[in-house]
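Start from the sequences and build out the full structure, keeping to the hints where you can.
From first to last, the protein sequence lines are chains A and L.
First residue of the first sequence: 1, per UniProt numbering; consecutive thereafter.
First residue of the second sequence: 1, per UniProt numbering; consecutive thereafter.
Be aware that one or more of the hints could be misleading.
[As the list claims (entries may be wrong)] Which stretches of chain A does chain L cover? Using the computed rule of at least three CB atoms under 8 Å from a CB of chain L, they are:
{"id": "1", "region": "197-209"}
{"id": "2", "region": "232-244"}
{"id": "3", "region": "250-260"}
{"id": "4", "region": "276-285"}
{"id": "5", "region": "349-360"}
{"id": "6", "region": "418-432"}
[As the list claims (entries may be wrong)] Only some residues are given here: those of chain L computed to face chain A with a beta carbon under 8 Å:
{"id": "7", "residue": "Tyr-182"}
{"id": "8", "residue": "Trp-208"}
{"id": "9", "residue": "Leu-253"}
Hints are computed from structural coordinates only; laboratory data are not their basis.
Keep in mind that this is a model prediction, so the values were computed, not measured.
Even glycine gets a Cβ: it sits at the ideal position worked out from N, Cα and C.
Here's the letter readout for the chains.
There are 2 protein chains.
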Amino acid sequence: MKVCIPLRAAALALAATTVHAAPAAPPVDVFIGTAGDGHTFPGAARPFGMVQLSPDTQVRHFRQSYPWASGYRHDDQSILGFSHTHFSGSGHSDLGDVLLMPYSGETKLEPGYPERPFSGYRSRFTHADEKAEPGYYAVRLQDHRIDVELTASERVGLHRYRYAAGEPAKVLLDLRQSIYDYASKNLWARLRMRDAQTVTGMRETRGWAPGRQLYFAVRFSQPIAARQLLNREEGVEYKGFAPPGKTPADKVLVEGKALVGTFEFAPPPGNALLVKVALSPVSEDNAIANLDEMPGWDFDAERGRARDAWNTALSVVDIDAPEPMRKMVYTGLYHALLAPTLFMDRDGSYRRPDNAVHKADGFRFHSTFSLWDTYRALHPLLTLLAPEQRNADFVRSLIASRRHSPYGILPVWQFHGLETWCMIGYHAVPVIADAYMKGIPFDADEALAAMTASAEYGPYGGLEHYMKLGYVPIDLEPEAASKTVEYAFDDWTIARVAEKMGKRDVAARYFKRAQNWRNVFDPKTGFVRARKSTGEFRTPFNPVQSNFGSDYTEGSAWQYSWYMPHDNAGLIHMLGGDAGLVAKIDQVFDAKVDEAVYAHMEDISGLIGHYAHGNEPSHHVAYLYNYAGAPWKTQARLAQIVASQYSDKPDGLSGNDDLGQMSAWLVFTALGFYPVAPGSNEYVIGRPFVERATLNLPNGKRFTIRAENLSPANGYIGKVTLNGQPLARSFLRHDEIVAGGELVFMMQAAPNKDWGKDRSARPYTQTPYR
Amino acid sequence: MKVCIPLRAAALALAATTVHAAPAAPPVDVFIGTAGDGHTFPGAARPFGMVQLSPDTQVRHFRQSYPWASGYRHDDQSILGFSHTHFSGSGHSDLGDVLLMPYSGETKLEPGYPERPFSGYRSRFTHADEKAEPGYYAVRLQDHRIDVELTASERVGLHRYRYAAGEPAKVLLDLRQSIYDYASKNLWARLRMRDAQTVTGMRETRGWAPGRQLYFAVRFSQPIAARQLLNREEGVEYKGFAPPGKTPADKVLVEGKALVGTFEFAPPPGNALLVKVALSPVSEDNAIANLDEMPGWDFDAERGRARDAWNTALSVVDIDAPEPMRKMVYTGLYHALLAPTLFMDRDGSYRRPDNAVHKADGFRFHSTFSLWDTYRALHPLLTLLAPEQRNADFVRSLIASRRHSPYGILPVWQFHGLETWCMIGYHAVPVIADAYMKGIPFDADEALAAMTASAEYGPYGGLEHYMKLGYVPIDLEPEAASKTVEYAFDDWTIARVAEKMGKRDVAARYFKRAQNWRNVFDPKTGFVRARKSTGEFRTPFNPVQSNFGSDYTEGSAWQYSWYMPHDNAGLIHMLGGDAGLVAKIDQVFDAKVDEAVYAHMEDISGLIGHYAHGNEPSHHVAYLYNYAGAPWKTQARLAQIVASQYSDKPDGLSGNDDLGQMSAWLVFTALGFYPVAPGSNEYVIGRPFVERATLNLPNGKRFTIRAENLSPANGYIGKVTLNGQPLARSFLRHDEIVAGGELVFMMQAAPNKDWGKDRSARPYTQTPYR
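See below:
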């Protein structure tokens with residue numbers, strides 16, 4: 001593997017025609033997470049950009065979709081093409097829209113097979129010929145002898161293809177290809193010549209989201225000399241009367257389910273053909289209008305703008321840390337700034353959850369909300385570090401989505417405006433609640449209405465039973481144990497918002513619902529368990545059992561029984577006191593677990609005992625020791641997790657990055673604290689992994705974290721000061737950070753078992769039941 | 001057959017709860033054309049309405065589509081349901097959108113088989129239980145014991161279902177059903193609950209027009225008590241995560257390719273459930289907004305409004321004639337006022353030929369242009385009789401379509417905004433030209449640009465060769481002979497417009513192109529023949545041969561050789577003078593033709609010799625005698641045609657009505673004149689079939705036609721007076737009609753062979769070649 005480091009990127013920029021004056025770039029390795037189960041992509045995008053332009057290496061086969069969820073796997077040796085939409089780190093998948101492939105020589109309309117070079121348009125590549133940095137990706141296509149470079153603005157992807165000297169330039173556009181591909185995914189597509197340099201089109205797919213329409217405009221830097229517009233469908237019952245154009249070369253427009261376009265050009269000046277591709281949620285005309293976002297044809301300048309955008313975005317924190325930690329944290333921050341992606345035209349048009357078109361009124365519509373994952377740490381990280389307006393846009397996008405939801409509820413797992421119904425919970429609620437509690441400005445009344453509507457929508461995920469019984473019954477609804485505890489937490493965040501808004505009745509109702517986790521906690525076994533509608537726990541009970549549709553969601557009792565982050569005091573009580581919690585969490589980590597136990601669940605990865613860092617239900621668990629007065633144990637576990645679950649290698653994420661949640665965990669943890677209970681306005685102190693980090697906050701203030709005597713040997717906190725005063729408690733308050741100041745950790749080799757031990761020093765327990 | 005006559009309609013209205021004061025209704029039998037090859041539908045619509053709500057009787061089978069082009073065949077004995085879009089008289093077909101079927105008893109999700117009563121939701125009916133008039137249709141569904149009544153506003157269909165006393169009301173909505181149906185036609189569909197009384201949805205189909213999206217809103221007169229939203233697809237590779245709702249009864253929304261909804265209601269007051277269905281080209285929300293076009297639930301009042309709209313529309317002419325002629329002519333006028341249909345929401349939104357959404361700027365967008373048929377007589381009839389603004393809207397719709405055509409050309413056969421590429425020619429051109437020559441107001445410069453763009457678009461129908469060679473070569477393009485003569489006529493109309501606009505260069509160029517018919521006329525054989533690119537006529541030549549893709553379009557040399565309506569003088573010259581033309585046309589009619597010769601071509605029907613009144617290429621032929629100074633022969637032929645090709649029975653149209661062209665022929669012919677060459681501003685005088693007709697012209701003036709001594713025996717014109725002065729010529733000028741006045745025919749038993757014989761008395765010959 002050969003990854004890009006800033007010096008190399010700068011050197012490349014210097015070598016190019018137009019040199020852009022770039023500020024110092026934080027070290028990011030976009031290949032981290034592209035191997036193993038990370039499912040990240042190495043391509044070019046702007047922060048939260050609509051276009052995420054990246055190479056696809058996958059083999060078209062539905063059953064093998066999981067490993068290629070982002071289109072690219074680091075261990076592949078050939079590239080299929082470059083498409084404009086990707087999820088960063090998802091488990092399930094879709095996208096891979098508008099695949100372009102430059103080629104030389106004979107036109108081959110099929111991609112061919114990786115194991116048979118030259119069997120199609122696919123080309124071999126090596127990592128030695130691959131270079132990437134935020135906003136830029138480059139590779140040499142060996143079989144075609146073409147150097148490819150990619151960059152992007154928010155809505156436009158820019159390609160530069162350098163062909164062998166004097167050779168004609170050729171590009172293939174394949175609208176059949178897709179991520180999570182299968183024969184009947186494409187519902188319809190259109191490809192249309194607009195002028196000598198411009199092609200537009202659309203594709204409608206039945207994928208993760210049904211009936212998804214995406215429009216695009218492709219503009220080449222020089223006139224098309226020859227072209228073919230083809231529909232490769234076979235066995236169509238009725239094809240309609242033929243439009244003008246006798247051959248694929250004469251066609252102005254082609255429609256169907258299996259479209260391919262080929263475009264040939266005279267040998268381009270400097271051997272370089274440039275291609276812009278704009279996307280639109282709404283129409284081909286809007287895609288053309290979106291092209292104006294990127295005027296001109298100066299690739300290096302665009303690359304410079306993308307890098308500037310990233311440097312600005314990443315400069316929210318200045319980090320001093322030994323390598324590779326500094327790179328890992330900045331890469332984590334990079335991955336945290338990829339979604340929720342913009343999904344709106346320049347004129348404000350976007351596609352709503354009911355698949356209708358709407359114009360945003362004074363905000364930017366974002367989509368791609370992987371909420372079951374990202375409510376935990378990604379959104380709290382963005383709320384802390386991203387500009388206030390950006391956060392307000394995220395919340396307003398959620399609320400606008402609810403306004404136009406056919407169900408009248410907030411998104412569950414949304415992308416391109418559409419709902420996938422993936423995973424459980426109503427976790428848009430804690431995202432909104434956390435933002436509200438931290439002062440992000442939006443219409444609180446509509447937000448609260450949206451939250452309660454989501455929490456009270458009976459047909460969703462057993463809510464009708466949950467509201468009646470106080471828990472989700474497993475005989476009526478799968479994954480009932482997980483659903484009950486997650487609903488209870490979401491309910492607590494509604495109560496928090498209602499309380500702050502002075503709506504006492506709503507607060508009381510939801511504080512009560514927040515206690516529902518107790519209804520599925522079995523004190524006898526000490527586990528959260530699935531209960532039947534008749535009241536008894538389901539038997540037989542096996543705490544290591546997990547399966548799709550079982551009692552738990554992508555997890556087992558060993559993973560799900562500690563999820564009442566708003567009521568850890570209650571959990572401690574259930575477990576017989578502090579010692580009980582400490583013993584249980586120790587058991588989680590220290591258990592000898594046969595990996596085969598979880599091997600059937602793709603998402604349960606990154607195992608330390610039963611602790612599965614590769615999936616989200618575990619993410620808060622190491623921090624629970626603080627609630628029992630034993631932060632030194634948290635500190636030790638974090639060292640263990642960071643060392644085993646993250647690295648600066650392509651397989652440096654132990655599980656799906658899940659649109660930035662895995663990365664946000666690392667960023668928070670490296671800074672020394674973590675938002676165990678979003679909505680609480682508290683961050684539980686872990687331990688820092690960086691020597692110094694200055695948060696350049698949206699309000700203009702700075703908050704610096706320093707770790708004195710940090711070294712691999714000194715993994716424990718001796719003492720902590722906040723603004724020079726000793727800090728006895730093992731948590732921080734949000735207002736303490738945003739006020740600016742300095743947090744200093746004195747690190748040492750031996751645990752300080754007294755710090756954070758006192759009851760008063762422990763993080764937020766529960767709001768009393770009223 | 002039991003058809004509705006006005007007295008019965010009035011009686012029905014009186015019997016209803018709310019009596020609408022209806023003006024005297026002209027006699028229309030909407031069942032004329034529903035048997036044989038007429039392909040008309042008997043359902044309810046407003047003039048040019050977007051909703052054309054009619055019963056469908058067809059059997060779902062692709063290969064049998066032709067007979068059910070309008071969904072209904074008079075000889076069928078069972079009804080499948082009532083859908084909201086139909087073509088009136090087309091050959092090819094599509095539509096049949098949003099099929100509703102009220103039912104009683106057990107819910108059956110499949111339509112079942114006509115030959116097996118109660119095998120599905122289909123129901124038997126008899127014509128004795130069927131009643132209809134313009135804007136109203138009623139039938140009793142025997143198997144369900146339900147009385148159905150239908151009426152419509154422009155965008156909303158209104159159903160009234162009367163169930164047996166005390167029975168619950170049940171309705172099925174089948175989004176699988178379609179006209180010209182086949183398994184893969186449905187690309188996607190959606191069905192969504194909006195409130196207790198409202199359901200919305202969409203369907204996207206790959207039919208005659210590809211990728212057609214249509215949206216709808218269904219509102220019931222009382223709350224839905226129980227429902228099922230189902231997708232009956234099988235073998236779907238990936239269905240996505242399940243949305244809320246465990247059973248079809250819980251669903252709020254369903255998407256897929258094979259949707260069915262069932263809706264049940266408490267026994268309705270008066271046993272009558274009413275249902276409104278609004279369509280929208282654009283969105284479900286717009287469909288809901290379109291519902292407001294029809295506020296309230298007063299079926300009889302709505303029926304009255306529809307009848308008033310028709311009475312107003314039909315009152316453009318007052319006719320005295322013996323029955324059944326009066327009914328036949330009014331029914332013809334009714335059929336002439338069904339298309340081009342409105343295709344625009346109340347807010348002005350419509351779908352363009354590039355399938356994008358647009359808002360009309362100051363006009364009403366109409367679609368359903370069956371131009372190869374309708375440019376001949378339907379559009380001239382509308383230009384003469386329909387309000388100026390309506391005609392301007394038709395032309396502006398054509399021009400707007402060209403503005404947004406991916407090809408930059410005018411529509412060929414358009415419906416729902418989309419192009420089908422059906423038939424030949426660029427016959428939007430003569431529609432626009434005729435309207436322009438007759439003073440309909442629109443932007444002439446854009447119109448001329450649109451016309452020349454269409455005439456010069458090389459990839460369309462061999463135009464590149466036509467422009468180079470002066471004819472379409474048969475070795476490079478099928479149906480070359482027909483295309484050449486039709487292009488030449490269209491070109492002449494462009495020249496006429498350019499000449500009137502003072503654009504002499506354009507006029508000269510197109511007057512020259514208008515002579516191109518000569519390049520395919522073979523003086524040796526006396527026929528229009530297909531020529532090869534090398535110059536020679538294709539051999540072997542058989543003047544009775546016809547076939548799809550042959551030398552001619554739905555015709556033979558015997559049918560196509562007389563089509564240069566702008567240059568009949570040239571034709572006469574080619575045939576060796578007047579006697580030559582008369583002899584040839586006599587041969588056309590008098591030939592003894594084995595019907596088997598044309599039996600393989602569905603569209604060639606209504607044969608008299610080689611004359612095929614059932615298809616359009618023959619429509620002007622009987623009028624050609626006038627050009628040779630023998631109008632008495634035209635008079636005789638018209639009597640022969642009217643007597644044999646039209647009747648007041650369901651099979652009273654001898655061929656497809658083709659969106660009103662067959663009917664418009666009858667209306668013009670009955671009045672005594674016909675627009676042989678649209679764009680000439682001349683009407684060739686045939687002979688009247690009515691005793692008196694007063695045209696109530698859009699400009700407020702009246703033009704009366706009287707036929708004195710008219711009787712079956714007196715079929716010849718003795719003399720003609722215009723405003724009291726003898727009229728020696730055998731044609732009228734458009735300005736003479738719109739000035740108002742009186743045209744009197746003195747009919748007699750013997751032909752007057754002198755009238756119209758003089759060269760100066762003959763209709764327009766050719767504009768000299770410049």
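Now the hints, each set against the structure:
no.	hint	verdict
1	197-209	holds (count 5)
2	232-244	holds (count 8)
3	250-260	holds (count 5)
4	276-285	holds (count 3)
5	349-360	holds (count 4)
6	418-432	holds (count 4)
7	Tyr-182	holds (5 Å)
8	Trp-208	holds (7 Å)
9	Leu-253	holds (5 Å)
The structure agrees with every numbered hint stated previously.
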